[in-house]
Every structure is written in structure tokens, then in C-alpha cells.
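Top line first, the protein sequences correspond to chains G and C.
Under the working numbering, the first residue of the first sequence is numbered 1, with each subsequent residue one higher.
Under the working numbering, the first residue of the second sequence is numbered 1001, with each subsequent residue one higher.
Calculated from the structure, these hints are not laboratory results.
You can take every hint at face value.
Distance condition first, Cα-Cα at most 27 Å in a straight line; then the derived DSS-like pairs of lysine-lysine:
1. C:K1042 x C:K1216
2. C:K1042 x G:K40
3. G:K40 x C:K1049
Take a look, some chain C residues computed to stay more than 12 Å from chain G by CB distance:
4. H1017
5. K1067
6. E1124
7. D1178
8. G1184
9. R1275
Selected chain C positions facing chain G (in silico; Cβ < 7 Å):
10. A1045
11. P1073
12. Q1074
13. F1088
14. N1090
15. C1099
16. G1100
17. C1102
18. R1103
19. S1150
For glycine and all other residues, C-beta sits at the position ideal for the given N, C-alpha and C.
The lines below spell out each chain.
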Amino acid sequence: MIDWYPLFNSLRIAAISCVLVFFTGIFFAYYAARLPRVVKGVLDVILTLPMVLPPTVCGYFLLLVFGVKRPVGAFLLHYGIKFVMTWYGGILAAAVVAFPLMYRTARGAFESFDENLAWSGQTLGLSDTYIFWRIRMPACRQGILAGTVLAFARALGEYGATSMLIGYTPGRTATISTTVYQLWRTNEERGAFFWVMVNLAISTVVLLTVNMLETRQKKAVEK
Amino acid sequence: MSLFVDIQKQLGSFTLHVRFTAENGVTCLLGASGCGKSMTLKCIAGIEKPDRGRIELDGRVLFDSEKHIDLRPQQRRVGYLFQNYALFPNMTVRQNILCGLCREKDHAVKERRASEMIALMQLEGLENHKPHQLSGGQQQRVALARILVSDPQLLLLDEPFSALDGHLRDALKIELRDLLARFGREVLMVTHDRTEAYNMSSSIAVMDEGRLLTVKPTKALFADPGSVRAAILTGCKNVVRARRVDEHTVEIPDWGVRMETRQEVKEGLCAVGLRAHYFSPSAQQNRFPVVFAEEMEEPFELILQFRYLNQKKDSPPVWWRLPKDKRPASFPEELGIAPANILLLYE
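Chain G with its partners taken away, still in its complex shape (with noise of 0.2 Å):
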């Protein structure tokens, strides 16, 4: 009988962790668009640093930060919130790591739009959130889709920052990329190789609808 709690435990991570992505990494893409320049640029490298250092490394500064015997890590416990060796930690880990891909994508998307678009909206006296969510975000909305997608992917496959933070525990924090590594290393190959498919099948149908829905979308548009 196989164990599906790798699953379904990589799924809700990289759902929960998509979902927080999705609205942090739309918020600091629209706002940081609308700063000076020197600001822009230093909170652009901060933004994208998660995706460029090692994963291990931005492990190490979760730990640096949440590890129980932090400041944070240790004030957050007293309200019996711990991301060190719970599941939920996972989240947290696979948000850090995600972000940056969906914050520089959806920062392309919005720097391509039409600002005209925009400021007419203002003139004709639609509100600011209006113009955001129906006329913005439809024109971005390729890019912002394409960020989303990619932030799932990262975030389900997720390795470096999780073992650093949440580990491996059979039935608690095993996600599939830390199972497939701990069978691989205990020489079960078999079930290394049936992980390794499963992601292999989550990933392709994820990149099977995002494609099914741009044509879709597409379409309507034409219509």
C-alpha cells in the first residue's frame, strides 16, 4: 500500500503558497512600478534575491529568522505558530521561493500595459479598484496567468529551503521532492522512480491547462 501523504502535502503547500504568492507578488509588482527609482531598484534585488541565491541559503536565513530560539521564532511560538518542522513551515518556505517569479512576471505584465488605458478610465470616473481588476489585470492578463503557473511549478517542486526548514517526517512534513530524495538515498529506487513520476504527471497537466486556457482565452477574445 502506497503512503499519498507526499501528495497531498506537496499539493496544499504549493496551492496555499501559489495563492499567497499570487496576491504579495501583484501587490509589490504594481506598487514598486509607482516608486522613485533608486527605491524601485534596491527593493527590485531584495524582491528578486530568492530566486537567484541557493535554496539552502534561503533556508538558512528562514531558519535565522523563525528557528524556535529566534526572536521571531521564539515570540511566534507563544502563540503556538512554529514553521520549523511542521507542514505549514512548507508553506512558508515554498512562498519565499516562489515569489520572485511571480513579482518579476507580473511586474513585466503591468510594465507593458497601456497607461493610457488606465488614465481614461480615471477621466470617465471609474474608481481606482475598477480600473485595476477589470481593465489592468484583463490586459495583463497572459503574464500574470504565465506568473502564476510558474509560481505553482516552483513552489510544488520546491526542495532546498523546505528540508532546511520543515525537514523530512514520514507522514508530516514529507513532501514528494524531499521523499523522492530520502528513498533514493535509503537505495529504495523503486519508489524514488514512482515519485518521480507523479511529479512528472502534476507537472505536465499543470502546463497542459495553462495552454488549454490560452487558447480558450484567445478564442474569446477573437469572438
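Chain C: place on chain G using the hints.
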């Protein structure tokens, strides 16, 4: 109905400083690209914020840096037609027009007024089309419909014809002129095209490098541009350095001639403008010997370039423009120009 604008804005090394009042009718901001015309419109609409100044529309203060008044674009009730029309690509024609009715809360009224506007702008049958399925002229009509239905107190048009093909342009000019006449409110239009400005506007404000040179009724501006920049922008082909001799005489050193003027020459004259159409072999005044230089043919007109006998070598030839059927058998030995057609230019 009146618009008062007095604003300053620094953009790097470029300074925008304009001050003008526009009354009822269509006022045109005429200037070369990059002179700050569009920036002025954006400041009036509230899209850009001037560093200093005041904008007032029908007694309503839209912006006042001293009193810290800066109404949001949504509150200004200023319609803005963008160069590319800025139709929302994800919405149909009808949905685009409904966006102009977002201040109206009653759903039934909204739908009714949208339908009325669609009929008025002859957009029936296109309601469910997306903007990219429309021709340039149709897009312009939808954009105008969307603005007019929002009932703005002032209409800003940014190069309204630049996105259209030449043959469409003339037809749409007439259409838009009539529409604006019916709209009956203040219109401020930006263009770099003098013909467009002449066709559409009742008065023209000439802009150059962020400054507003002059505001005049359209015909008066073309009859007497007053400055070198305005003369060039209104299409005067011959603008040449000149100095005052007496009240009705100017000397043009580059051409080696003195010319008589009807208008009184004031101190500070720096140049004169002679429109290419006004030279004539039969004119008896300001008549001087000339030498033929170059010829250029246009579809219906002819440009003949000539030099005065004592004209300086490095100064460009003089333009004479005439209908093809008036072409002289041989190039005249002397050309004259009426004193009334010599434009006196200061600064």
C-alpha cells in the same frame, strides 16, 4: 464657459510654463512634437500634477498649488480622447460606452442612455464587437461616445486624427467638427498639423518648447502670426531676418532688398514672413528682379524656388507656390508682393 490654466512643471531639463484662458468653442494647442502640448492636457485632466499653478473650469477650481487643491481625474469631469483612443480591449463596444456612465446609478437609465448614444453615433450593429474588430474611424466614434455619454464639462482631444489614414481624415474632420458644435462646450485640442488646427478651431494657442507664445482667433493668427515660431507653425515658407528702416519699410539683408509694408513696423522687429502663395508677376509693389532656382511639382500646385538678384549665397532660396494652370510660359524676370502680405515678426 471658460477654462483658465496657469501651470508650471519641471521635467528634467524641460520646463513647461503655460498660461492661457480659453472661452467657448474649440481651442487648439498648436506646436511641434515634444513642445509640451500633451503634458498640458494631462495636467488639466489630472493625470499629471503640475509643480505650481492653478487650473479653473467654469469657476470650479480643479487645481491650486497654493490652496493645496488637486481634484482627482474622476472628480474633474474632463473628457480625454487619447491619441490611440484607449478603448478597453477586453470589453465590447457597449460595455465600453457603459463605462462612461459609471456615475449613473440607475441601471435602466444607464442602458437607455447607452442605447441612445449608440444610435446617435451610428454604432448600431457594432454593440457586441470588440475594439480590435473596428476600423480606425469606428474606434474614434466609440471613444467619443464613451466620453460624451459621461457628460464632461470640458473635452480634451489629443491629436485626434493621427491614428487615421489620410483619406479617412478629411471625412472625419467634418464629422467631428459638427459633433463638437452640437456638444456645445469648451474643447481643447492638441495638434501639430496647421491644416487640422485651421479646420477645427476657433482660436489657436501656439506653443514652443514648453512655453505658450500667443493665443489668437484662428484667422487672425494665420493673418498675423506675430512671432517667428508662430509663422513657421502656421506654414509660412519664407521666414527671413529683417530690420526696421522706418514705419512702413523693412530691410532684408539676406535678400539684399527693402520692402514696403502696410502694417506699421514697430521697434524690435527681427524677421518678416512672406507666404509662398502671395508672390505675383503682376504685383507692382515690392517688385524686384529674380533668378529661377529650382522647381518641385505637387499634385495640384507648383513650387518654384527663386533667388533675388543680390541675394546672399548661403541664404536659402525663396518659395513661390502657384496653381499648375497659372504656370507662366517662361519664368518672370521680376516678382512682386503686396505690402499687406508681409508678416511682421517679433522675437
